[in-house]
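Given chain A, work out where chains B, C and D should sit, using these hints.
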Amino acid sequence: MTNLLLEWVIKTIVILLILVTAVAYVTLMERKVMAWIQMRVGPNRVGLGKFRLWGLMQPLADGLKMIFKEDIIPLQANQWLYVLAPALSLIPALMTFIVIPYGSQITLFNHTIELHVTRMNVGLLYVLALTSVGVYGIVLAGWSSNNKYSLMGGLRSSAQMISYELALGLSIVSVLLYTGTLDLVEIVDAQGGFHGLAWNIFHYPLLILVFIIFYIASLAETNRTPFDLPEADSELVAGYHTEYSSMKFVMFQMAEYLNLITASSIATTLFFGGWNGPFVGRLPYLGPVYFTVKVLALIFMAMWIRYTVPRFRYDQLMRFGWKFLLPASIVNIIISSTAILFMR
Amino acid sequence: MWQEKVLFIVFAVIAIASALNILLQRSPLYSALSLIGTLLSLSALYLTVHAQFIAAVQIVVYAGAIMVLFIFVIMLLNVPKDQPQIEKQKGLRYLAIPFAGLMIAEMFYVLRPIRLTTLPIQPGNAEQAVGTTWSIGTALFTDYLLPFEVTSVLILMALVGAMVLARREGD
Amino acid sequence: MVKYVPVLLILIIATGMAAVIIILSRFAKNRRPTREKLMPYECGVEPVGTARERQSVKFYLVAMAFLLFDIEAVFLVPWAVVFRGVVQSEAYRHLKYVFYGEMMVFMVVLFVGLVYVWRKGILEWNR
Amino acid sequence: MVPLSWYLGLSALLFTIGAVGVFIKRNAITIFLCIELMLNAVNLTLVSLSGFFGDVGGQLFVFIVMTVAAAEAAVGLAIIISIFRNRESLNVDEVDSLKL
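Heads up: the protein sequence lines correspond to chains A, B, C and D, in order. Just so we're aligned, residue 890 is where the first sequence starts under our numbering, counting upward by one. Just so we're aligned, residue 3 is where the second sequence starts under our numbering, counting upward by one. Just so we're aligned, residue 8 is where the third sequence starts under our numbering, counting upward by one. Just so we're aligned, residue 305 is where the fourth sequence starts under our numbering, counting upward by one.
The hints are simulated quantities; they were obtained by calculation from the structure and are not laboratory data. Since the structure is predicted, the reported quantities are computational estimates derived from the model, not experimental observations. Treat the hints with care, since some could be wrong.
To be verified - Chain B is faced by these chain A residues, among others (derived, beta-carbon under 10 angstroms):
hint	residue
1	Asn967
2	Ser1021
3	Leu1029
4	Leu1044
5	Ala1048
Think of the CB as a built atom: it goes at the ideal place given N, C-alpha and C, for glycine as much as any other residue.
Chain A extracted, bound-state conformation:
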């Protein structure tokens, strides 16, 4: 029992450290990709002393800069909620990752270590639950700032998030029809056949449509362009975090990037075989590598979309979510279940 607890504590802390580092470097990646798409160089100065290291120290410098920024709490703000809101959006974002498997099992110091923190019978519902709780941080940030832009941004953002949460949930239901379980570990294990290439998306071609719906909905859920209406800077200044500065602003940014990483990981797990890949049966250390590569590819795709597609208008956004994605995912469920009914 104590051993198990110790293992969990270590795994949790390691995962959190990896996630925080990953967030820092995804921001750098975003700036590099943006620069690359716009034919610029991007951050390339910050290094160690004389060595520039392609700007690899940029996130560290950014972090230090943000710590030393002035922490402003507006006079008319609702003090308690104003401080609570960024925490409420960061904590659920950090909590999702414990159900995602990132490898099979490896042996370390004569211990067999499963490469996931925990598995639960309702794993995917746990993820959905945390996604739906994430709305509070944004709503309360908008409300407590006592600023018109914040309030409008918070309301718009939460309405957008709940609208696309529906499409997200319903597209996951189509996947569940094929997997027959909510346990993410089982979902990944089932995709291990055919030299580790029996990924759901190859195995069940109908899931390509589902993946497109899922991906669009998760972009909207994480407030990325073309769905970044909540912080549409030309209309709403900075949306719900207009009044936030210093580390509280960092917390919102961290939550946003964490959500992007989580969404990509879930997409990898559900559609692209998780950590499965060629030779992973013989070399279990390849599991986390495959997983990271797939997640990074999906994150890159999100960035590519961000710098290619212009922003939606709010009425277009709501119309797209409710009148296209929602009926499309319902139709998908009907088609998938009919297919399963006649599967032998």
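For chains B, C and D alone, coordinates are given in the frame of chain A:
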């Protein structure tokens, strides 16, 4: 298993404290946030009796949807703070205390026979155990089919009714 | 239910992290508050009116439609999880058309709801 | 192991707090929140009894109760909105046109 008792007490205290906070707060927004605290700790308590699926649904439906609706309404209407209650009969307050004591004594009396009943051991095949998604799904769509189908009509009625009530003509 | 203990663990650790970050920014001694700085930001102009105004009821209508369709999604989850098992297992196979049919009835009823919301123009924002 | 009586006692306490809230609060939304609290207290009873008897029925009741709570919240809040529109107040003592 003292750990389970400690967990129960922790979550029970959180649930009761936030439930009391609903009454103590004057602003409806804070009351709603305290209710979310109660809902989350109840969800943890559901886990201690192996109701995993219901625990997750509790967060998805209650904390993630119903309370969002409440908070939206509070924010949209900009609801004023609660006024203090005007007591019409002053003496009743003191009558309340012996009655409360009576009720608590009665509760202890009723609960006495089951004070030692503990949770049955779960069967070895954990997938088929009560509270998993599989057990909920098979029972809901066979034995409890009628309530399930009636629910869909109920939801439709609520949708139409609420739309008609909340929209103004020409809105 | 031992498997759910890590949820508690990560909740505690994540809350601790959030608290540390907030406290960290509190202790960075660089606060020089001025009246202008602590005013609500309105692009540098003196704020007009209050932010606590009544908002459009549209947001409520969308949240309500979300709530009711979210229930539908939650009902779909256990059905989707058991459906394949029902089709393929010996014990439940004779029920497979029942399982299929009852969910189709459920979804048709809710689709009527979606059509109602659609026709009533709740989902239109540009009017 | 935690005995069943603890769960039932907790549920009774929460129900009482909710009932007291309905009586002492004036704000329609807060009263509504207290009703939700009472529903949740009953849900705790159903779930714990279902766990202790090993019968999934109680959990299905809770599932249905949650649906009813959602429908109730949607319609109830719509009523509250239309009351607020007409009277500019949510104090339940002022909404008494039906009283003789």
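Against the structure, the hints come out as follows:
1. Asn967: Status holds, d = 9 angstroms.
2. Ser1021: holds, 3 angstroms
3. Leu1029: holds, 8 angstroms
4. Leu1044: holds, 7 angstroms
5. Ala1048: holds, 8 angstroms
When the structure is compared with the earlier hints, no violation turns up for any of them.
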